[in-house]
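My request is simple: use the sequences and hints to build the entire structure.
Number of protein chains: 6
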Amino acid sequence: MNSTKRLWQRGEPAYGAWLSIPSSLSAEAIARAGYDYICIDLQHGLIDDASCSEMLVAISATEATPFVRVPANDFAAINRALDAGALGIVIPLIYSVGDVEAALSACRYPPAGTRSYGPVRAAVTHADYFARANDEIACVPMIETREAAEEVEAIVSLPGVDAVYIGPNDLSLSLGQAPGMDNEGPYAHAYEGVAKACAAQGVAVGIHANAELAPKHVANGFRMITVMSDVGTLQRGAARELAHSKRSG
Amino acid sequence: MNSTKRLWQRGEPAYGAWLSIPSSLSAEAIARAGYDYICIDLQHGLIDDASCSEMLVAISATEATPFVRVPANDFAAINRALDAGALGIVIPLIYSVGDVEAALSACRYPPAGTRSYGPVRAAVTHADYFARANDEIACVPMIETREAAEEVEAIVSLPGVDAVYIGPNDLSLSLGQAPGMDNEGPYAHAYEGVAKACAAQGVAVGIHANAELAPKHVANGFRMITVMSDVGTLQRGAARELAHSKRSG
Amino acid sequence: MNSTKRLWQRGEPAYGAWLSIPSSLSAEAIARAGYDYICIDLQHGLIDDASCSEMLVAISATEATPFVRVPANDFAAINRALDAGALGIVIPLIYSVGDVEAALSACRYPPAGTRSYGPVRAAVTHADYFARANDEIACVPMIETREAAEEVEAIVSLPGVDAVYIGPNDLSLSLGQAPGMDNEGPYAHAYEGVAKACAAQGVAVGIHANAELAPKHVANGFRMITVMSDVGTLQRGAARELAHSKRSG
Amino acid sequence: MNSTKRLWQRGEPAYGAWLSIPSSLSAEAIARAGYDYICIDLQHGLIDDASCSEMLVAISATEATPFVRVPANDFAAINRALDAGALGIVIPLIYSVGDVEAALSACRYPPAGTRSYGPVRAAVTHADYFARANDEIACVPMIETREAAEEVEAIVSLPGVDAVYIGPNDLSLSLGQAPGMDNEGPYAHAYEGVAKACAAQGVAVGIHANAELAPKHVANGFRMITVMSDVGTLQRGAARELAHSKRSG
Amino acid sequence: MNSTKRLWQRGEPAYGAWLSIPSSLSAEAIARAGYDYICIDLQHGLIDDASCSEMLVAISATEATPFVRVPANDFAAINRALDAGALGIVIPLIYSVGDVEAALSACRYPPAGTRSYGPVRAAVTHADYFARANDEIACVPMIETREAAEEVEAIVSLPGVDAVYIGPNDLSLSLGQAPGMDNEGPYAHAYEGVAKACAAQGVAVGIHANAELAPKHVANGFRMITVMSDVGTLQRGAARELAHSKRSG
Amino acid sequence: MNSTKRLWQRGEPAYGAWLSIPSSLSAEAIARAGYDYICIDLQHGLIDDASCSEMLVAISATEATPFVRVPANDFAAINRALDAGALGIVIPLIYSVGDVEAALSACRYPPAGTRSYGPVRAAVTHADYFARANDEIACVPMIETREAAEEVEAIVSLPGVDAVYIGPNDLSLSLGQAPGMDNEGPYAHAYEGVAKACAAQGVAVGIHANAELAPKHVANGFRMITVMSDVGTLQRGAARELAHSKRSG
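Going line by line, the protein sequences match chains E, A, Z, H, F and C.
For the first sequence, the numbering used here gives the first residue as 499, with consecutive numbering after it.
For the second sequence, the numbering used here gives the first residue as 499, with consecutive numbering after it.
For the third sequence, the numbering used here gives the first residue as 499, with consecutive numbering after it.
For the fourth sequence, the numbering used here gives the first residue as 499, with consecutive numbering after it.
For the fifth sequence, the numbering used here gives the first residue as 499, with consecutive numbering after it.
For the sixth sequence, the numbering used here gives the first residue as 499, with consecutive numbering after it.
Since the hints were derived computationally from the structure, they do not count as laboratory data.
You may find that some hints are simply not true.
Any copy, or any two copies together, can satisfy a pair, since identical chains are not distinguished.
[What the hints assert, rightly or not] The calculated DSS-like cross-link candidates involving lysine-lysine, where the alpha carbons are at most 30 Å apart (straight line), are:
| id | residue 1 | residue 2 |
| --- | --- | --- |
| 1 | K744 | K694 |
| 2 | K714 | K744 |
| 3 | K714 | K694 |
Okay, here's the thing in structure tokens:
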């Protein structure tokens, strides 16, 4: 079910794309480009649960693993994304070990957690869903607050954390820096700390990035690297094509 | 209201983008990149009237002129796009002068045509809409069949044709060639004929293209040049970013 | 099923409201104000089939008869509106007796017409739908072109025409006048001709109007009088409330 | 791409389901039950193009072949369904050989037909789409009018007709009978004529049916048999479960 | 307004259906089959607030009482469902008396609770809504955790609890058993405890069930018995019809 | 960006409209009537995030400032409304200074608050968004509980509170009175207290009102006065037009 977890188990990097546009057409077009995972962003994207469901259907038909970033560390939101067929959950704005424990509990059926039973679409799509869900679903807390960065060793030693995911903009802001994808100073220090803690525990480490930064992150041991976003690609592409069109012939 | 018609009146080229994704977010992101017009494709795009209306709202808030390619040369479809706020209509699959006359009639209120009165959203957005609509709305028949290419001189001499728009793929197919954006042979011959007929009549000439081909078309006198599409930009961008990410560092 | 037809059979006027906003909430709010019929406008309103279906559900739960103005005199559009539960069809842009015959045929099951069988929602809502549909459904061609106005006597003598409906704006335009709800001259002459032809045949006569004009139309024998529209009421109400708010106390 | 055409080429029957509910969840749930094809009904179903696209995505992810019944024998509607990924088109209300020729032309790219180029989603989903489309797409005219039944021999001898599909309710109505799935008399006579003409030409013959009637149709050589519909299954299931619940224990 | 509460007041069982498909068509089709209540599932169903509103409109037009299971015991979610016209609220994942007190407070206007005033659609549909809401709305906490089962006596003695509703799958999981609709052992013990506590307090007792189990539950005094679900009925029906079709004739 | 904040800074009243209908057409029609702000109500309106985004696009194209009332004082809901382009947030059901501090934190990027970075649509629409957002966005807690009314002095002295907004119906209920827009007694006392506290701190004071009450509120120093709502205007307008139509001529 979850080929991204297979990559992590083999120690290989997974490359991903990030979706903010509520459209199954753009989701499918991107998913078929060869990404290992596609993450539907319910936090900052303009995507609601109805669109998310359609996009999960589109991604399910491809090789990519469907992830959802939930709008908050909210039990119901996590359950709804999973019931709709997400195989990975990215949880924003983690502040503490307790936050991670809550997220883990929402991702797993008892006795491992407290997820509620009712995989309406997930069980339509995946045979034997209930038996496999706890193993196949990836629970990925974000490290994007100073507090979480400071507790990262405790966080990654919690059983069931499949990966953590650095949010560079929010982590920079939380550390008193401007938003940035690859800041120096406190951010760089935190980045190293997260990578080191994950390496020590054998937990995959991920980050919101771009193609330019990807090789650096891979070299630093990252195994979940988001390298494109739909809105960014459209905006930059629109500007670039227009400028290129107006060049002198 | 229609800055693209102003460009044509001054003999300057208008650069456009083409939308197939049903999303006002992607429409707005592209429209703000500086295009002169944005065309919502109801023929081949996965966009229905409801999404089209939302996308027209998004484009209306920018400098770009909102165009709609209707799904067919259909009176009701043209009227609905105009009532929703389109300021330009691209009409596919024209075969004859009679087809163009029907399209023109649908685009203009009496006595110039037979458009039905009821500009529900258009009159909300534009003060004095009824008085200005016939002048401001661009009616753009496509030249994408052999038959239309052969009749192009008669077509562009019809009063009220603001521009014609070449569809290279369909025109190539209609002429017995493979789909292509810049074919040689019969297609190239037809392309020249259209450009020449428009030049003779002072009608703007347009074409579905890309950034690579744009300077050539401008040099050939084209004044309506579509140089990017949402799906294409996403697909190519997704592939490029992924490949770039996996390069050796 | 169709209380508006009962009013017409008793020679009483039916008062209606006109919907252009794609929302079942506004539809329900208006339908519960006591109107005899509510007409969903698929021609000039920003309403597509999906919203139309939801609005028909909302209206079905009230006393008002659900009408749909189809976007064109199109067999499939008429059938879809009926299958979704419309009990009256208003057909725009009639030019001839032949146009009306086509509309009538689309509204009735064989042998009276050629409507296709498949009342998916209509049969869910109405027991015994097939047996009653031909009698209960109102077919209402519009008189809004010069050509139709000239042929109105022949039109209203066709068996199965339940009412005709004057579109004052388009009829005025078609007669060479400015859009208007109550023009003098050719429009007034045509108005009288329609009323007279309907009276002679016992066919209900209707008109797009407003509250101000309603008593005049009733006095002239009209039995289907649309007196409010959602967008107009909102626009005027918004302006009035704002002005009233800013008055000196 | 089209496993249903493979069945027909092997002379085996294809079993299908019929969708009127605008939901990709119900589409996916039914498609995964093992049907050979799933037909989205845009004629009588409450499904518009936007929902159709989402449902095509859902069906694409299963083994079933996605069919669409278009709302009418309309060039643009057929093109839109194909561009969105339909691999079979069922065309209602055929009256003549000319109607079938128009449908065939809309289904095939030149030179076989006049389909317009722009497979926005289809080319995302299927590699090499343009090269394979003309062969893989099934064009299935309906035989549901007296006129078509009388011309069936000419219809099935047109090159490119993959199958024809009997609509028992409309065919019965057209022949002066009550709607029915398996009427005697003129309907039975027409049914036999269609089966015989198809057998003679090696064209697959299909019919709107149910599980009860399926074996009879298979025995009569039918190779496209729709045996369930979403709304019917829900309605009967809802009634049956309620009655069963209230039984004495 | 709430015929299900009338049944409970008379000590009679109410039979219900459960909706996970976001469609007012399937909602209406099922509601008209004769169920006493229809519950829209916002927790595990693929239904968001927009679809829920349309489905409430559809159910409002029938005899069935519209219930909503909210996604969580969340004040805003409960208020939104009520404002949209729900007459009963099922609250999942209750763990304590405090949880039930919060749910009750969200369901009732002051002074009985803290529900916020703004019944936008509810007041459109129901005359005199504010005066009657507190009496007519059913507040139904779920018993589906070990903790709630242990506190059931305290829960059902809270004033304002109209019924409780057992979730057999989650309750089984919470008690260390596999999901099941009618497990033995700890689940059966809890089931009996809930029934007994409700009987002692005169509170209606409900359960998620099926037609097979319904008579047993009625015999045990249950008064709110869900006996069908849309997705389950479609899935089983699709498989059954296909198998039945393929039988030898 | 935020012309309403400019009015407040100059000590002038801002007049607003309130939206409960999920439609960008009604939003645009009202916004163009000249209101200073338009508030999309996600608490009691039938509007979800998807419709809210489209409505924000429509309002953005006008002079009016787009406000959103979030469904609850919820960090994720506030962030989503801001990312979609809201320039003002109205927060319901404030009970304490702590509630306001949480709302303020959600509205501001660090270091002023903890808003998460990702202004997907906001940054498309507004150049330089990040640099200006903290200054331009209005954070408006509601005073509609007894508890908040009692703490209003502490609330308005918190840095970053741009305005407070009285909810007369809920505040009346909370104080033991019937819902009302201008009650005497405890409500009137609280109203005066809020106005006085705001005047002392130089914070704008707002209220949910109507045109009739507006001059009184302005005279009392209010600077944010909602004077019309879409549903109310439609309901009253529908009734008034119908009654006016039926008058004797």
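Starting from the hint list further up, note which numbers the structure goes against and sort them upward. none
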